[in-house]
Amino acid sequence: MREQPNVRIAKDAIKAWQLTAHLFAIISFIITIAAIVLYFYVDFVPGWLVLAIAGVTIVEWVVTAFIIPKLRWRRWRYQIYDQEIYIQHGILIVTRTLVPMIRVQHVDTQQGPILKKYGLATLEISTAATTHQIPALLEEEASELRDQISELARVEQDDV
Amino acid sequence: MSEPKRLHPAAMIFNIIQAIKQSVLGLLPLVIIALTNGVLLIVMVISAVVLLAGVILVSVLSWLRFTYQLEDDQLRIERGILIRKKRTISKHRIQSIDLSQNVIHRIFGLTKVQIETAGNDPATDAALSAVSMAEGQRLHDELKYKKQVPEELEADLEGQEEEQPALVQPDPIEETELPRRKITLKTLLIAGSTSASFGILLGIFGVVFSQAEALIPDEFYSDASRWVLSLGAQLMIVLGIVVVIFLWLLSILQTVIKNWDFTITRYEKELFITRGLLEKKQSTIPLKKIQAIGIKESIVHQPLGFVSVYVEIASGEVNQNEEMHTLIFPLMRKKDLTSFLAEILPEYSYETEQLVSLPKKALPYYLVRSAIIPLLATIGVGIFFLSYIWIPLIILIIALLYGFASYHTAGYVIDDRQITVQSRILGKDTAIIKQHRVQALARKQNPLHRKQALVNMDMAILNKMSGRHFIIRELRVEDGNKIADWYSYQKESSS
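The listed protein sequences correspond, in order, to chains X and W.
Basically our numbering = 1-based index in the first sequence + 237.
Basically our numbering = 1-based index in the second sequence + 38.
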């Protein structure tokens, strides 16, 4: 855990996260527009409230769509050893996790519409007590890893 | 022994009692409403009678339909009135069989048999709610101990058993040689008088008392309160003390009844616990289900030098009335702990002399975490109600002391394949975990941590709920790396 893991996730992850952020930003933009409309038709809606909502919306959009995805991608790293999986993530709070292969209970890959658009998939590794994700791997890489991990995890489990 | 058997008829009584218990709670509000309305009351009484008749009918039928039989290596259970369910449990899959008796069981000389299988699915477990004691013992021995006996011998034994099916106790000499510990009456009394249930009882009493106004007729209530007020302050204080002492005695009684004759025995592959005065309970803990051992020193027990010992087990059976972890000894002197573990669980050892504690630079984190809310409260009160500032100030001081205590307690020791993690959430909690029981290890750093070379280490283990995390906050980075090296299977990669 001294060195960080050395494999990065797919670069397209940034695009996928950005797209997700844009989609979420649409909701806040709709709220902002609704606030502006209300401001013109209803007397008691104060102007500063509308400005505040608009400000928050823009800041949220810029931060979630243009700043966070890059930072997040830069931090995300993983490494698969024969006997364990090593993951690093987190922008402010950096978390490094070790999951021994013999503790792995099952491995899943997941793909939503946005990830599918970029040909990406998320790998989910479950132990008896915890779940760990490696987001946004290339599709074939994810399924390869899934098979590889489940192969490595097939080592005789003593118990639980 | 191969023909299907029914449970003891008393099983019907349990069924009825359980059904009534369940329905009473749901119907209570209706009953209260009905009490004020004459017509509704009659309707209620009639429907209650009908309901009772229905419950009795169902109980009788389900008793008639419930059969179990032992066949070869299997226990077969058939049940269900309309939908017939058959369940076969293989002997080899059975992890533990526990016999427990409540008051009614004891009157009739019966026992409940609880069969637990491996795996976390509670639906695969089975229970026979009432069989005779001898039958219970026979089932227990049949399903449990015989599987270790070689097959030829087994055939022999089976022949003998047909002739004398009564109590087949394991060899008495062998029994006494097994390591076991029993609670003494004195420690039991101490456990009762310092137990947390006293506080809970006090709370319940407070709630009931505050709700009493609604239940007692107004006139009576005001009369009573006038009378109490007229008694004067001294008498009221005396009354209060009497109530508190009464509740305290009640909590002692509760603990004593629950843990009466608490005995733990170590068998080769399992721990076996019996306890209880009115309700005798047995529980079997297979060693391989134990995920961690915990030693708890509550704030009351710690200065007195007492500890209680529990285990975290992986298990599907989660009852609401059961605690998160399983006590394996309610209370003992701390100095006896080492010998207790050496005897009962020699796989684990308690050594905290070489505890690696936290660096000085970790202290501010602990103080801030525990005192931030009281500090804000103090500032708030200071601005608005300066004359009452002493109240939040006292809380602030307590919070700071608590923060310091948490900092002081936290630490870890690595000893071969086990790690001992000490932490404090009010009481001091020392957990002993084997390396292969840790499901995942995480190391977390926020930007301040990175600047100061500190880390938080998080070890996840499995328990009755979905899992428990042991977190040591603000360790030195080097110590964090030591834990990682200890945990990692890939030595060369992380060093």
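The set of hints was computed from the structure by calculation and includes no laboratory data.
Just so we're clear, the structure is a prediction, and the values are computed from it rather than from any experiment.
Among the hints, erroneous ones may be present.
[As the list claims (entries may be wrong)] Under the rule of at most 27 Å between Cα atoms (straight-line distance), these lysine-lysine pairs were calculated in the DSS-like manner: (1) W:K489 <-> X:K307; (2) W:K220 <-> W:K319; (3) X:K307 <-> W:K319.
[As the list claims (entries may be wrong)] Just some of the chain W residues that point at chain X, by a computed CB distance under 10 Å: (4) I127; (5) H130; (6) R131; (7) S260; (8) G420; (9) A498; (10) I509.
Where is the CB? At the ideal position from N, CA and C, for every residue including glycine.
Hint check:
Our distance criterion of 27 Å between C-alpha atoms is met by K489 of chain W and K307 of chain X, whose separation comes to about 22 Å. Taken as a hint, the K220 of chain W and K319 of chain W pair is honoured in the structure, with Cα atoms around 15 Å apart against an allowance of 27 Å. Simply put, K307 of chain X and K319 of chain W have alpha-carbon atoms about 59 Å apart, too far for the 27 Å limit, and the pair is violated. The beta carbon of I127 of chain W comes no nearer than 19 Å to any beta carbon in chain X, farther than 10 Å, and the hint placing it at the interface is violated.
Hint status for H130 of chain W relative to chain X: violated, with the closest Cβ pair at about 15 Å, above 10 Å. The interface hint given for R131 of chain W is violated, since its Cβ lies 14 Å from the closest Cβ of chain X, which is over the 10 Å cut-off. A hinted interface residue such as S260 of chain W counts as satisfied when its beta carbon comes closer than 10 Å to some beta carbon of chain X; here the least separation is about 48 Å, so the hint is violated. The beta carbon of G420 of chain W is not positioned within 10 Å of any beta carbon in chain X (closest approach about 30 Å), and the interface hint is therefore violated.
Restraint check, A498 of chain W versus chain X: the minimum CB separation of about 5 Å is within 10 Å; hint holds. Interface hint at I509 of chain W: violated, since its Cβ lies 12 Å from the closest Cβ of chain X, which is beyond the 10 Å cut-off.
Violated hints, listed in ascending order, are 3, 4, 5, 6, 7, 8, 10; each of the other numbered hints is respected by the structure.
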